[in-house]
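Enquirer: Sequence:
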Amino acid sequence: MLGGQDDALQAGIVETVRSAKNIEEAIFLLRDGLGLAHVSFHLNVSGAAPLDYPYVRTTLPSQWISRYVLRTYVGHDPVMREGFSSLRPFSWHELEMSEKEREFMEDARSHGIGAQGYSIPTVDRFSRRSLLSLTADLDLGLWAGFIRRHASSVIEISQVLHQKALNELGIGEPSGATLAPRERECLLWTARGKDSKDIAGILDLSEYTVRSYLRTARQKLQCRTLSQAVATATRQRIIDP
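Residue numbering for the sequence shown follows UniProt numbering, starting at 1 and increasing by one per position.
Careful, some of the hints might be misleading.
[To be verified] The calculated SDA-like cross-link candidates involving lysine to any residue, where the alpha carbons are at most 25 angstroms apart (straight line), are:
1) Lys197 x Pro241
2) Lys21 x Leu166
3) Lys194 x Glu207
4) Lys194 x Gly170
5) Lys194 x Thr234
By construction, these hints were calculated from the structure, which means they are not laboratory data.
Hey, can you work out the whole structure from these sequences and the hints?
Expert: Encoded structure:
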């Protein structure tokens, strides 16, 4: 089906994904609808490293997923590195890679991941990130043509999947509380059992500054105590201890 779809069919793919009962069903429908090799979707709502507490749905074979985990490939995966730091869609062949990253990509291709790849990052206004990745067994010229034809629809699909995943996890919009990075860091270390003196040493700040950040964070979260603030921030996925 690659290369032969008109605008109506592309719109149909978007609606098919939108109507899917969950993310897992959606990515298989997307894969089959566009004739792709594989589709993967990652969501990170915590602000922690993208695979520390992963939400992942993929059509990739379980054997490859096991190999990825056992070999701790996350540290050498250029797609994840770029995808959770970039704001723009990118083709995998355009990535600058270290020797370890190139070895990883060669191993991935040898295990049937797909000859070409394209990833679309999505970042919402609450800094929650997701990454939709598509692969296909095409030469570079055909793949470039496919991306030109389908870029707008797969970008729309990435946004649909982002919201669908949040809904699936029961995550709504945070209740108006937006913490500054330092406020979030101080609260995170508090959740991990550190006091103001410890946090000051870790973050190279004064104790007074740490206490000020914690007080402001507590007030923004509308909590009377620091323990309540930690619990609220954790529940709202502002921090992930």
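Enquirer: All hints are to be evaluated individually against the structure, with a verdict given for each.
Expert: Checked hints:
A hinted pair counts as satisfied when its Cα atoms are at most 25 angstroms apart, and lysine 197 with proline 241 qualifies at roughly 19 angstroms. Proposed proximity of lysine 21 and leucine 166 is supported: the alpha carbons are some 13 angstroms apart, at most 25 angstroms. This hinted pair checks out: lysine 194 and glutamate 207 have alpha carbons roughly 12 angstroms apart, not beyond 25 angstroms. This hinted pair does not check out: lysine 194 and glycine 170 have alpha carbons roughly 30 angstroms apart, beyond 25 angstroms.
About 16 angstroms separates the Cα atoms of lysine 194 and threonine 234, which keeps this hinted pair within 25 angstroms; it holds.
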